[in-house]
Amino acid sequence: MSQASSSPVLRAVLEQEVKKNSGWRLFIQTVIARAYPRLIGQQREKSWMFFDIFLPILAVSAYVFVYRAIQAPEDYIGFVIVGGAMTAFWMNVLWGMSSQLYWEKETGNLALYIMAPNSLMAILLGMALGGIVATTLRAATIIILGSLLFKVSYAVVSFTQLFAVFLLAMAALYGMGMMFASVYLLLSREAWHLSNLAQEPVYLLSGFYFPIKNFNFWVALSASVIPLTLGLDAMRQLAFKTGGALGFLSVEVELLVLLALSVFFLAAARILIRYMEKLAIREGRLTESRR
Amino acid sequence: MDFAIQTKNLGRVYKIRGGKKSEPRELVALQGVNLQVHQGELFGLLGPNGAGKTTLIKILTTLLAPTTGEASVAGFDVVRQAEKVRPRINMVSGGESSGYGLLTVRENLWMFAQFYGIPSAVANWRIRELLKIVGMSERINSKSSDLSTGLRQKMNIVRGFLTDPDVLFMDEPTLGLDVGASRDVRRFIREWVNQDPSRTLLLTTHYMVEADELCDRVAIINQGRVLACDTPASLKSRLQKEALFRMEVSPLDGSTSVETFEMLPGVRKVTHRALDGYAVLELILEQDDALGSVGNLMTSSDIHILNLQKREPTLEDVFVDLVGRSMEEVEKAGTGMEGR
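Those protein sequence lines, which keep their order, are chains U and Z.
Residue numbering for the first sequence follows this note's numbering, starting at 1 and increasing by one per position.
Residue numbering for the second sequence follows this note's numbering, starting at 292 and increasing by one per position.
Just so you know, not all the hints are guaranteed correct.
Below, simulated DSS-like cross-link-like pairs (lysine-lysine); rule was C-alpha separation at most 25 Å, straight line [stated by the list, open to error]:
id : chain 1 : residue 1 : chain 2 : residue 2
1  : U       : Lys19     : Z       : Lys423
2  : Z       : Lys375    : U       : Lys19
3  : U       : Lys278    : Z       : Lys299
4  : U       : Lys46     : Z       : Lys434
5  : U       : Lys20     : Z       : Lys375
6  : Z       : Lys423    : U       : Lys20
7  : Z       : Lys375    : U       : Lys278
8  : Z       : Lys306    : U       : Lys278
Bear in mind the hints are in silico, worked out from the structure with no lab data behind them.
Use the sequences and the hints to build the structure in full.
And the structure:
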């Protein structure tokens, strides 16, 4: 307000009639706008190169050396590299999706999201889309560096199927993250502990560093509820020569299960976010951290 | 639309959870609030912290459901027609830390504009112009995490005006701003309302001067109830008959208290503030004559008058007259019903 109060600038702003989109246009605008902080903002924090690239490659290297020491089939090295890359998505879903609404509440953004005419589902989808794209950049870097470092050879059976598996695995995984975002919000401060608790067991159950066929059938089937389990298994089957022989279920079945999981998690996320919004308005405890 | 904002018998009770074994207790934040704010009005809610101002704003901005009564904003019910209310409103709170620190000022504002469906080109033009108005043009590409508290609050204020709402809610908007910036914000707020008679602004504040200078009408709120609602001039005229004095005196000893003064004939209200080496008494007397008995009591109690000033009534005096204590005393005593 450094300018005179009756300045032309002020008059122009005050007199301008602002047209606002609604319906699907508003939905798309919201998705893109909420994805933006992840697509652009997150890249500004250069520490991601250390935490999201260097540290996962270190973890992967340990398994590579173990497999080489016991003279495991060479494709296992590739399995580990792909698994290591996929850990980036799991970390992002845990810390960047599930816990996100809780942090949004703490900073006051959640109240602004609820008060705005947009849909909260669009906010969640924006978070997910931004997360997927930003994390794909990290995962791709891990795969490229890991493959070059350990001389991994790929034998892709079908690029189309591989792409479909990746897309469905992401839809199901981030659908689960969107669902957990509402659950975590209801759990409030316990959310942080829950994320900590879920991190390591999923590394094991989803077979990040080994094929899940090594599990008992029922354990592997139970672990398939986590979308990355079947996503990883199918990707390994499609990308490596011995992948098919080491796969848990056929790629077609795994694709169908991933599709079902995607629909289930996205529908559950929609129902839960609506419930959470109603609860927030009724009880008044979700839009501020005091109560 | 008759009123931009209307509430009928509005109430809100919070259930506060205790420990695992204890029953939740109830906290009455608002009770029986009836307000009617006209289109084009700049309306103030004045009350101490915990009076229920923020709860009322949350209900009106569709963030909280009332437990009793009803409210409408821009002609729509805030509970049943929330989706119609939301495109027409916006809210700015003092001291809020919304947005993302890694984004620039422009990016944060653009993001919030998108949530209201404003096309990017229009949003970017308004962001540039509004930042010029608040004197932040050169910070348009600064990361918001690098902004001072005052600049951050200015950015929040721009966020509120960016979407050109019909009804804007400002909850303590000048909190954390220096004197100059607060004055500029108040000037802009006034012009924004004056420019278009369809624009309405509801402002909560516990700064009496802000309410007095800015608002067409003011509702004084305490312990969840609206105690009075009128223009600042009319509210103050209630005390025109009374004589108001400000006295600086030597510190009161234990034998003389505010109550001792209030028992004197012609003395309506007295508030006391102990400062470093002296005390300030604010007196509301029925007539000037009553000052004599106050002086006599001071002499007999060995209290020395250091300074005496007769003054015009302020909204603070109106609050004291209505509540019996100053806003500062109410806040210190923590008798507000909210936020505990």
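>> Hint by hint, where does the structure go against what was stated? Just the numbers, ascending.
In response: Violated hints: none; all satisfied.
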